[in-house]
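Each chain is listed here by its residues.
2 protein chains.
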Amino acid sequence: MISQTVIKEFESILGKDGVFLDETDRHTYSYDAAVLEPVLPSVVLRPERSEQLGKLVRLCNENAIPLTVRGAGTNLSGGTIPTKGGAVILTNALKKILEINSEDLYAVVQPGVVTAKFAAAVEAKGLFYPPDPGSQAVSTLGGNVAENAGGLRGLKYGVTRDYVMGLEFFDVNGEIVKTGARTVKCVTGYNLAALMVGSEGTLGVFDKIILKLIPMPAGRKAMMAIFNDMARASETVAAIIANRIVPATLEFMDNFTIRAVEDYSHVGLPVDAAALLLIEVDGHPAQVEEDAAKVESLCKEMGAENIRVARNAEERDKVWEARRTALSALAKLKPTVVLEDATVPRSKIPEMIQALEEISCRFDLTIGTFGHAGDGNLHPTILTDKRNKEEWHRVEAAIDAIFDKALSMGGTLSGEHGIGMAKSRFLEKETSRGTILFSRRIKAALDPKGILNPGKIIGE
Amino acid sequence: MISQTVIKEFESILGKDGVFLDETDRHTYSYDAAVLEPVLPSVVLRPERSEQLGKLVRLCNENAIPLTVRGAGTNLSGGTIPTKGGAVILTNALKKILEINSEDLYAVVQPGVVTAKFAAAVEAKGLFYPPDPGSQAVSTLGGNVAENAGGLRGLKYGVTRDYVMGLEFFDVNGEIVKTGARTVKCVTGYNLAALMVGSEGTLGVFDKIILKLIPMPAGRKAMMAIFNDMARASETVAAIIANRIVPATLEFMDNFTIRAVEDYSHVGLPVDAAALLLIEVDGHPAQVEEDAAKVESLCKEMGAENIRVARNAEERDKVWEARRTALSALAKLKPTVVLEDATVPRSKIPEMIQALEEISCRFDLTIGTFGHAGDGNLHPTILTDKRNKEEWHRVEAAIDAIFDKALSMGGTLSGEHGIGMAKSRFLEKETSRGTILFSRRIKAALDPKGILNPGKIIGE
Numbered sequence: 000m001i002s003q004t005v006i007k008e009f010e011s012i013l014g015k016d017g018v019f020l021d022e023t024d025r026h027t028y029s030y031d032a033a034v035l036e037p038v039l040p041s042v043v044l045r046p047e048r049s050e051q052l053g054k055l056v057r058l059c060n061e062n063a064i065p066l067t068v069r070g071a072g073t074n075l076s077g078g079t080i081p082t083k084g085g086a087v088i089l090t091n092a093l094k095k096i097l098e099i100n101s102e103d104l105y106a107v108v109q110p111g112v113v114t115a116k117f118a119a120a121v122e123a124k125g126l127f128y129p130p131d132p133g134s135q136a137v138s139t140l141g142g143n144v145a146e147n148a149g150g151l152r153g154l155k156y157g158v159t160r161d162y163v164m165g166l167e168f169f170d171v172n173g174e175i176v177k178t179g180a181r182t183v184k185c186v187t188g189y190n191l192a193a194l195m196v197g198s199e200g201t202l203g204v205f206d207k208i209i210l211k212l213i214p215m216p217a218g219r220k221a222m223m224a225i226f227n228d229m230a231r232a233s234e235t236v237a238a239i240i241a242n243r244i245v246p247a248t249l250e251f252m253d254n255f256t257i258r259a260v261e262d263y264s265h266v267g268l269p270v271d272a273a274a275l276l277l278i279e280v281d282g283h284p285a286q287v288e289e290d291a292a293k294v295e296s297l298c299k300e301m302g303a304e305n306i307r308v309a310r311n312a313e314e315r316d317k318v319w320e321a322r323r324t325a326l327s328a329l330a331k332l333k334p335t336v337v338l339e340d341a342t343v344p345r346s347k348i349p350e351m352i353q354a355l356e357e358i359s360c361r362f363d364l365t366i367g368t369f370g371h372a373g374d375g376n377l378h379p380t381i382l383t384d385k386r387n388k389e390e391w392h393r394v395e396a397a398i399d400a401i402f403d404k405a406l407s408m409g410g411t412l413s414g415e416h417g418i419g420m421a422k423s424r425f426l427e428k429e430t431s432r433g434t435i436l437f438s439r440r441i442k443a444a445l446d447p448k449g450i451l452n453p454g455k456i457i458g459e
Numbered sequence: 000m001i002s003q004t005v006i007k008e009f010e011s012i013l014g015k016d017g018v019f020l021d022e023t024d025r026h027t028y029s030y031d032a033a034v035l036e037p038v039l040p041s042v043v044l045r046p047e048r049s050e051q052l053g054k055l056v057r058l059c060n061e062n063a064i065p066l067t068v069r070g071a072g073t074n075l076s077g078g079t080i081p082t083k084g085g086a087v088i089l090t091n092a093l094k095k096i097l098e099i100n101s102e103d104l105y106a107v108v109q110p111g112v113v114t115a116k117f118a119a120a121v122e123a124k125g126l127f128y129p130p131d132p133g134s135q136a137v138s139t140l141g142g143n144v145a146e147n148a149g150g151l152r153g154l155k156y157g158v159t160r161d162y163v164m165g166l167e168f169f170d171v172n173g174e175i176v177k178t179g180a181r182t183v184k185c186v187t188g189y190n191l192a193a194l195m196v197g198s199e200g201t202l203g204v205f206d207k208i209i210l211k212l213i214p215m216p217a218g219r220k221a222m223m224a225i226f227n228d229m230a231r232a233s234e235t236v237a238a239i240i241a242n243r244i245v246p247a248t249l250e251f252m253d254n255f256t257i258r259a260v261e262d263y264s265h266v267g268l269p270v271d272a273a274a275l276l277l278i279e280v281d282g283h284p285a286q287v288e289e290d291a292a293k294v295e296s297l298c299k300e301m302g303a304e305n306i307r308v309a310r311n312a313e314e315r316d317k318v319w320e321a322r323r324t325a326l327s328a329l330a331k332l333k334p335t336v337v338l339e340d341a342t343v344p345r346s347k348i349p350e351m352i353q354a355l356e357e358i359s360c361r362f363d364l365t366i367g368t369f370g371h372a373g374d375g376n377l378h379p380t381i382l383t384d385k386r387n388k389e390e391w392h393r394v395e396a397a398i399d400a401i402f403d404k405a406l407s408m409g410g411t412l413s414g415e416h417g418i419g420m421a422k423s424r425f426l427e428k429e430t431s432r433g434t435i436l437f438s439r440r441i442k443a444a445l446d447p448k449g450i451l452n453p454g455k456i457i458g459e
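Residue numbers (numbering that gives the first Met the number 0), protein chains in the order written: chain Z, 0 to 459; chain D, 0 to 459.
One should not assume that every hint holds.
Unchecked claim - Covered stretches of chain D (chain Z as the covering partner; in silico rule of three or more C-beta atoms under 8 Å from a C-beta of chain Z):
| # | segment |
| --- | --- |
| 1 | 150-163 |
| 2 | 273-286 |
| 3 | 331-344 |
| 4 | 406-413 |
What the hints contain is simulated information worked out from the structure, not anything from laboratory work. C-beta atoms are modelled at their ideal positions from N, C-alpha and C, and glycine is treated no differently.
If we strip away everything but chain Z, and leave its shape as in the complex, we get (with noise of 0.2 Å):
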């Protein structure tokens, strides 16, 4: 519990208005997207300005609080519960967008700023910030360079960590650590910035990001390719990477998504197919037919049943929406849906939808697999119910054998969601214990107290 002394010095920073006690309050921020179980922090405090973060994050480290900070809670993770209890922080007033800079291509924000909102001001300027993940209409910058998340565009563009140059952030102490810049290129002094993306809250609070921006591609194309066939299907995903084709988005769907998605979007997708292959190409108009070209003519080859060219942008549209309700439609399914995130090298795509079919049957669960196929970060689905707990228990038993596929392939754990409590105990799997020791000596120093997001990433 937090005495009233602190509670009073959180509303001498903030105001009453800023600091939340009422169970209801509570609640709402005792969990997130993750199949977790929830956990109630003692208050909810809502800074407005740059420097009551950087107040209330002193404060936190002087009283032994544990301290965990929220943007939109979208994390699969678990990232995003206090595990210990103790301060929820929202980052929901810290919105403001402090520059976009279309000269020397970069934006300076806040870490509450929504990814989608500030993709569009970005936009608005004939520029693009590529990252997009899955929650993007809701989910805040902060949280997406916390968990360095990841999005349909990674294979071409790669993720948010290729696009944050520098960061401001308290450390536990409340003090500004300045790190990265507004040049490309920047050697001066750690590449802290890189450490603290991904870093899942646990080593300081952002207080402002500067992000690279690029000139907005000239051309797009989006295609639908449908297969009879899920092997196919998949095999085509590795043999456009092998002709040396980038697109944009590289999407797989398995038959049990489409029909979820149909039913929940209306979109007119191919029920009766065995899988789609969702794909944009992008750049150079004169680049952007030839790829276009050459995609359709390697799905043919490949044996794709058809091929259905988006016609104009609201078609294209509709692809893309449709694609991104894939979590909500399968998460109406059941009660409980668990969303892996296993990662292996791009040829290995083939072998590993095989194997989650094997895991599927072996197992006796109902997996939908779908997800950024291009860049080997497939979302295999697990529609289940908790609450069962011999099913429960197959379930982790078939996540078990999921991870231990992908590291067999040279894989990896977690492609974009992070490891936050889901995954802790698997990380020495594929690392090594050194790389635990060297992590936790890490944030042994930078967090003494261990207040910041206890027990995400490392375990305890």
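Since the structure of chain Z is already known, use the hints to place chain D on it.
The following block gives chain D in isolation, referenced to the frame of chain Z:
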């Protein structure tokens, strides 16, 4: 000094052939390409296998022997000077390219692989490794990663950091730490690989490096724009960027540098030009033609005297080779050459170039300016003689003035050469006290005895 017992242990790990104690050998590794006092190491060690490297690190730590890892020593900031003596570990026998994977677009290398050899091996497979530091003909990939080396292609393709997908390194205890992956997306644990990039050997010792590769661009075109007025040339740089053209390379050379390079390499540079821009565009052939035409007409509009387009690969390569000799050419003219590295947002290049002229006049110094104008990373090069104390004093004042100017424009102290010893005293100026303390906490936690390349980046 290192005890005979420890020397015997080094010999038992490496054999006598891998342990160098002669004064001549030790002299060879007492300095690098920075203008700083040499320091003699006590011993020079040359491991040939990974496990030897790990054992050496462990032994140095157990005996509190300072340890500086050295690639080719082309470092310009004193990063490879063994400030506290101790051991220099050479990586030049750890030079295997372990894998080039054309399907999944990555490579795995040992730290001692020479940059240009690697780039050529990759190109032979139709792939592209863009980072091209000036010293690539001899520099090693381990050195490039330790310094986060840049190069001519930073504007479009980024720097070494952007190509490091993963690392395996020895921590100070000689334990192996694995971080990153062979996949585009990976958020498994802290991004330790990114922290290690540019850490100048102060946090661990690289064993294996996983590098990202990209498809080779299908077309390229190079041209030289000749200006009678330096301001016009620098404004053209800003105009090209403002027109959303992103050349692969956009280099600037002032008259002083042009003359020095022409004297040195006789490639037919226009020695009466006030300034040159060397520009290469690449990508899809249609994009290349369009961009080249736009750049040409922009250069004309901005007042270029003449524009020479390279008619073939040979003509193109000749110009780039000449550009790469700039440092050597300038170095011939005076006993001491100080190559600076301050970097500014790209739109500020005209202002920076003007400021350099003023600084050159104010301190009565010869400054040749060339460099990667397109990414804001200029290399003002001061020609002097360090033995002339009065002049050296003015040189130091001029460097201060250059840094102050760059910082006042939102720039950074070092774009690509690193902080090393040369700039550690300036670090706080750009960042904050909090940044230094945060960095020192990391260093102290990961290297409690301070044996890993002591004195670099964050001072002592």
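| message | Could you work out which of the previously given hints the structure breaks and list their numbers from low to high? | response | Checked against the structure, no hint fails, so every one of them is satisfied.
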